[in-house]
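2 protein chains.
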Amino acid sequence: MKQYEMFELTFTGEPPQGSEADADVEALFTCGDVEQKVKGFYAGNGTYKVRYLPRRCGSYTWKVYGAVSGEGCEECVKGEGHGLVQAEEYHFRYEDGTAYVPFGTTIYALAHQEEALIRETMESLKSAPFNKVRHCIFPKSYEYNHNDPKYYPFRKDGSGKWDVSRPDYRFWDAFEKVVFELGEMDIQTDLILFHPYDRWGFATMSMEENETYLRYALRRLSAVPYIWWSMANEYDLCFTKTLEDWARIEEIIKEEDIYGHLLSNHYCMKFYDYTRENLTHCSMQNVLFYKADQWMKQFNKPIIYDECCYEGNIQFSWGNISAAEMVHRFWCAYCTGAFATHGETYLSEDDALWWSKGGKLKGQSPAKIAFLRGIIESLPSALEPWMEPEHLLYGPDFNDKGKDGENPFVKLHASMTEMEDDAGALKDKLFTGHCGKEAFIKYYGIHCPGRGYMILPEKRTYKVEVIDTWNETRETVMENAKGIVWFDMPGKEKMAVLATAE
Amino acid sequence: MKQYEMFELTFTGEPPQGSEADADVEALFTCGDVEQKVKGFYAGNGTYKVRYLPRRCGSYTWKVYGAVSGEGCEECVKGEGHGLVQAEEYHFRYEDGTAYVPFGTTIYALAHQEEALIRETMESLKSAPFNKVRHCIFPKSYEYNHNDPKYYPFRKDGSGKWDVSRPDYRFWDAFEKVVFELGEMDIQTDLILFHPYDRWGFATMSMEENETYLRYALRRLSAVPYIWWSMANEYDLCFTKTLEDWARIEEIIKEEDIYGHLLSNHYCMKFYDYTRENLTHCSMQNVLFYKADQWMKQFNKPIIYDECCYEGNIQFSWGNISAAEMVHRFWCAYCTGAFATHGETYLSEDDALWWSKGGKLKGQSPAKIAFLRGIIESLPSALEPWMEPEHLLYGPDFNDKGKDGENPFVKLHASMTEMEDDAGALKDKLFTGHCGKEAFIKYYGIHCPGRGYMILPEKRTYKVEVIDTWNETRETVMENAKGIVWFDMPGKEKMAVLATAE
Chain A
1 MKQYEMFELT FTGEPPQGSE ADADVEALFT CGDVEQKVKG FYAGNGTYKV
51 RYLPRRCGSY TWKVYGAVSG EGCEECVKGE GHGLVQAEEY HFRYEDGTAY
101 VPFGTTIYAL AHQEEALIRE TMESLKSAPF NKVRHCIFPK SYEYNHNDPK
151 YYPFRKDGSG KWDVSRPDYR FWDAFEKVVF ELGEMDIQTD LILFHPYDRW
201 GFATMSMEEN ETYLRYALRR LSAVPYIWWS MANEYDLCFT KTLEDWARIE
251 EIIKEEDIYG HLLSNHYCMK FYDYTRENLT HCSMQNVLFY KADQWMKQFN
301 KPIIYDECCY EGNIQFSWGN ISAAEMVHRF WCAYCTGAFA THGETYLSED
351 DALWWSKGGK LKGQSPAKIA FLRGIIESLP SALEPWMEPE HLLYGPDFND
401 KGKDGENPFV KLHASMTEME DDAGALKDKL FTGHCGKEAF IKYYGIHCPG
451 RGYMILPEKR TYKVEVIDTW NETRETVMEN AKGIVWFDMP GKEKMAVLAT
501 AE
Chain B
1 MKQYEMFELT FTGEPPQGSE ADADVEALFT CGDVEQKVKG FYAGNGTYKV
51 RYLPRRCGSY TWKVYGAVSG EGCEECVKGE GHGLVQAEEY HFRYEDGTAY
101 VPFGTTIYAL AHQEEALIRE TMESLKSAPF NKVRHCIFPK SYEYNHNDPK
151 YYPFRKDGSG KWDVSRPDYR FWDAFEKVVF ELGEMDIQTD LILFHPYDRW
201 GFATMSMEEN ETYLRYALRR LSAVPYIWWS MANEYDLCFT KTLEDWARIE
251 EIIKEEDIYG HLLSNHYCMK FYDYTRENLT HCSMQNVLFY KADQWMKQFN
301 KPIIYDECCY EGNIQFSWGN ISAAEMVHRF WCAYCTGAFA THGETYLSED
351 DALWWSKGGK LKGQSPAKIA FLRGIIESLP SALEPWMEPE HLLYGPDFND
401 KGKDGENPFV KLHASMTEME DDAGALKDKL FTGHCGKEAF IKYYGIHCPG
451 RGYMILPEKR TYKVEVIDTW NETRETVMEN AKGIVWFDMP GKEKMAVLAT
501 AE
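Sequences listed follow chains A and B, in order. Okay, so the first sequence: first residue is 1 according to my numbering, each after it adds one. Okay, so the second sequence: first residue is 1 according to my numbering, each after it adds one.
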């Protein structure tokens with residue numbers, strides 16, 4: 001038994017009499033004065049399994065009871081893992097304190113492809129900058145997704161209807177293998193539990209069926225340290241499920257997952273209620289990067305732009321942005337302390353679009369995202385949104401202070417609607433973040449100044465670098481900088497400036 | 001006297017006893033059964049003038065009375081002008097029906113520069129694609145605008161305070177000359193009556209002074225056919241003026257302008273109330289081009305994005321977008337039937353930034369805007385927003401129709417907030433317009449499809465062209481196209497497709 005690594009017990013017994021998905025197996029793990037109960041599951045072929053994730057070192061005893069039984073003890077020693085990724089304020093970190101900044105990609109139907117394609121995907125991921133993959137348990141039916149998977153999560157009953165009480169163990173074994181393999185590469189699985197793109201009937205199961213499925217999936221997978229729960233891809237297009245159903249799904253997850261994995265619900269058009277306590281972060285679909293700051297405060301959670309369009313050239317607007325635009329969107333997100341997720345949708349003869357099937361990465365954005373990742377991970381701490389104190393620099397040159405002596409700008413801002421605020425931000429706002437007083441970053445995006453400035457603290461000195469985010473260059477333009485500093489910029493798009501304390 | 005051309009009568013008399021700005025001169029023009037009264041003005045040096053804009057041909061009699069008097073008759077014949085530009089639904093046209101699509105630029109302090117620079121500006125405009133210039137009566141004080149003008153609109157009293165009752169005629173003569181010269185080049189003056197960027201005190205005059213100034217200005221300028229009233233540049237930063245003051249300014253303009261010139265009020269951050277009846281169009285400052293359609297319906301007026309940032313490289317975000325971005329913004333606006341205004345802010349050694357002083361155009365966007373103008377003006381009628389019927393093309397491939405049988409997409413859309421609607425549009429919406437069934441245009445902006453489609457009427461045939469908006473190329477990719485048509489696209493940014501009926 002190793003800390004932060006899944007521990008598995010296997011037993012042989014008679015197959016369950018009733019539902020195979022809800023086998024009567026429970027286990028009690030005890031370490032010192034801490035007791036934890038977990039449910040086991042039937043794994044097919046007369047095999048029962050109990051999985052447990054030990055999170056502290058020490059002497060454990062375990063006791064299994066129900067359809068199969070046994071007991072034993074284990075010494076849990078330090079392993080190589082860092083535990084779960086957890087949310088902390090607006091950021092993430094491993095539970096042992098190790099830094100973790102999500103740089104995700106999207107391969108929705110990754111596990112439903114032929115083995116050869118999965119192999120190719122894993123090879124691609126080895127040299128890609130991604131440490132999270134969004135993918136689905138259920139297969140996907142959509143444009144460019146017309147192939148049937150080899151296995152399905154359940155077997156069918158005599159009438160040809162899915163019988164959720166009879167898992168197809170071949171499916172689950174194969175699916176887990178993909179998750180485990182990603183984990184071996186330090187890649188988190190952002191596991192999508194439901195989605196609407198379905199022609200088989202998984203999207204329209206009853207809530208009773210959903211519950212059976214969920215409990216089985218979670219008993220198998222909760223002890224996997226590198227897994228996040230994404231209740232849905234695009235919950236708002238799952239028309240059969242009501243908001244009450246989603247609340248119930250949250251509760252089922254909380255009941256089965258004793259570890260508290262990250263949990264969110266991704267939307268297409270209509271925000272899920274990210275104030276809900278069970279949700280650990282906001283898994284969004286939009287490109288309003290200038291609102292990250294506002295949303296962090298509103299939801300008090302990290303913001304991941306899990307769908308901000310995909311690099312590619314298909315006919316749909318969500319799947320045909322350039323590599324440069326994708327990289328731009330990443331910089332917008334990360335420089336304000338938020339996160340984004342990559343995807344790729346280039347037309348290809350074999351119909352294997354990365355976003356859904358994996359295969360080879362064809363685009364130019366991953367290399368540039370790697371460059372960004374290197375910079376972000378070299379910072380002394382997590383970036384937080386920074387409001388550069390521009391009022392120190394200049395004010396409009398007018399003598400009109402209004403009639404009543406109150407600060408007219410404050411009054412004006414207070415009168416503005418959300419749309420007016422957003423319009424102003426979309427027009428002029430840069431993407432700025434800081435790590436306390438250790439580092440300040442500013443991403444200019446489409447703005448092309450010939451002169452740049454940074455408004456830095458007066459009491460420290462900084463090295464100032466101008467970064468070409470696309471050409472992957474960093475040039476030191478100032479040292480010993482403090483206070484308001486000015487420097488030349490190349491007057492072109494997609495530049496950033498980083499000031500780090502000396 | 002010529003139709004649509006300013007007619008001017010000049011009289012000599014004793015200077016006014018009281019306010020020189022409110023001379024006691026009135027005129028009655030009669031043509032058939034139509035009588036129109038206009039006020040004259042004192043032009044300095046013992047000279048009074050009455051100006052009148054005849055809008056129909058025929059026999060006129062006129063009678064002037066007050067400080068000076070006289071009467072006469074004139075035969076008004078057809079001239080070369082087309083009359084005022086007027087708003088019609090969401091578009092503009094000359095009052096004689098001639099097409100007019102505004103392609104404006106911004107030279108705020110055009111008339112306050114040295115003559116040599118004004119000459120250079122006029123030369124630049126001769127080969128530029130612009131047919132409207134936003135510029136100010138009052139001089140401007142701001143970054144890159146530190147020079148004093150040669151003349152001011154008023155003289156000062158003994159205590160050194162501006163005396164609005166004593167116009168400086170040298171100013172008005174010089175100012176008008178600029179307006180007239182623009183008009184000779186078929187360039188409309190979008191005349192800014194107030195603005196906040198002031199160090200002389202013009203921005204903080206009392207409403208009584210404002211009224212005196214306005215009435216004088218309008219008596220001089222209302223008969224100029226190629227003039228629009230822009231009550232302010234950035235009214236919301238004119239802190240001394242209240243909304244009631246702006247309403248009063250509207251009323252004064254309506255009283256003095258018997259012709260009904262175009263009238264709007266430009267804002268910085270806080271929308272002016274564009275539902276107000278006196279306003280003929282929306283003079284906006286934002287880059288929310290996807291909202292043009294909504295705003296047209298909401299305000300029932302044409303939408304001009306009069307400030308959508310400037311091509312340049314200064315330190316301010318509003319003044320450092322690339323030529324490509326400026327051209328992109330123009331295409332976004334025009335393809336949905338809205339309009340945009342150019343400006344240029346390149347750092348230069350002589351400190352002459354086009355946006356404020358004029359001079360030479362240094363940027364690359366004017367040539368590309370000329371290309372766009374050529375296309376827009378070649379269309380059979382004004383573009384209106386087009387909602388391409390994409391539901392005919394595809395629907396998500398899912399079998400989940402919800403529990404209650406109502407169209408779940410309709411319900412979902414109905415539940416969305418304005419922010420959610422905007423977020424969806426910002427992510428995926430293209431810029432699409434049509435001229436009835438005669439022409440359809442789609443601008444892809446940052447989207448890079450390798451395959452394009454157009455969903456055209458079934459009962460006509462169309463020529464389909466793929467347009468590279470930056471490289472100024474047009475390639476016919478289909479003829480005899482009807483219904484849903486697909487064609488190859490180059491998979492790069494800033495492309496458009498135009499289908500014109502054969």
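Don't read these hints as lab results, they were simulated from the structure. Heads up, a few of these hints could be off.
[To be verified] Computed list of lysine to any residue pairs in SDA-like fashion (alpha-carbon distance at most 20 Å, straight line): (1) A:Lys-401 with B:Lys-427; (2) A:Lys-2 with A:His-146; (3) A:Lys-427 with B:Phe-409; (4) B:Lys-411 with A:Lys-49; (5) B:Lys-437 with B:Lys-459; (6) A:Lys-270 with B:Phe-409; (7) A:Lys-429 with B:Phe-316; (8) A:Lys-411 with B:Ala-382; (9) B:Lys-270 with A:Val-410; (10) A:Lys-49 with A:Gly-160; (11) B:Lys-429 with A:Tyr-290.
Results of checking the hints against the structure:
no. : hint                     : verdict
1   : A:Lys-401 with B:Lys-427 : 39 Å, violated
2   : A:Lys-2 with A:His-146   : 42 Å, violated
3   : A:Lys-427 with B:Phe-409 : 31 Å, violated
4   : B:Lys-411 with A:Lys-49  : 44 Å, violated
5   : B:Lys-437 with B:Lys-459 : 10 Å, holds
6   : A:Lys-270 with B:Phe-409 : 11 Å, holds
7   : A:Lys-429 with B:Phe-316 : 10 Å, holds
8   : A:Lys-411 with B:Ala-382 : 40 Å, violated
9   : B:Lys-270 with A:Val-410 : 13 Å, holds
10  : A:Lys-49 with A:Gly-160  : 28 Å, violated
11  : B:Lys-429 with A:Tyr-290 : 19 Å, holds
Violated hints, in rising order: 1, 2, 3, 4, 8, 10; the structure is consistent with all others.
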